[in-house]
Amino acid sequence: MTDEQVEIARAEMKQLTQPPIPETLSFDHLLQQLKVSFDQKVDSLSQKNRSIKMRRF
1 MTDEQVEIAR AEMKQLTQPP IPETLSFDHL LQQLKVSFDQ KVDSLSQKNR
51 SIKMRRF
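The sequence shown begins at 1 in the numbering used here and counts up by one.
Keep in mind that the hints were calculated from the coordinates and are not lab data. Just so you know, not all the hints are guaranteed correct.
[To be verified] Computed list of lysine to any residue pairs in SDA-like fashion (alpha-carbon distance at most 25 Å, straight line):
hint	residue 1	residue 2
1	K35	S46
2	K14	T2
3	K48	L34
4	K14	S26
5	K41	I52
6	K35	L45
7	K41	L30
8	K35	Q47
9	K35	K48
10	K14	F27
11	K14	M1
12	K48	F38
13	K35	N49
Could you build the full structure based on these sequences and the hints that come with them?
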């Protein structure tokens, strides 16, 4: 192997051994926030729907 190939191989190995990118954690966190927000909205709409149905009777 040439010196250049050795450096390329070292750089590739370093990338493989690095911990997950924080963006992945941020994405998971945002996805969890979206799920919570969605669930809250569904609950809110369900309560409004029940309230409207009760007024009809």
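These are the hints, each one checked on the structure:
| no. | hint | result |
| --- | --- | --- |
| 1 | K35 / S46 | holds (16 Å) |
| 2 | K14 / T2 | holds (18 Å) |
| 3 | K48 / L34 | holds (21 Å) |
| 4 | K14 / S26 | holds (22 Å) |
| 5 | K41 / I52 | holds (16 Å) |
| 6 | K35 / L45 | holds (15 Å) |
| 7 | K41 / L30 | holds (16 Å) |
| 8 | K35 / Q47 | holds (18 Å) |
| 9 | K35 / K48 | holds (20 Å) |
| 10 | K14 / F27 | holds (23 Å) |
| 11 | K14 / M1 | holds (18 Å) |
| 12 | K48 / F38 | holds (15 Å) |
| 13 | K35 / N49 | holds (21 Å) |
Hint violations for this structure: none, all hints satisfied.
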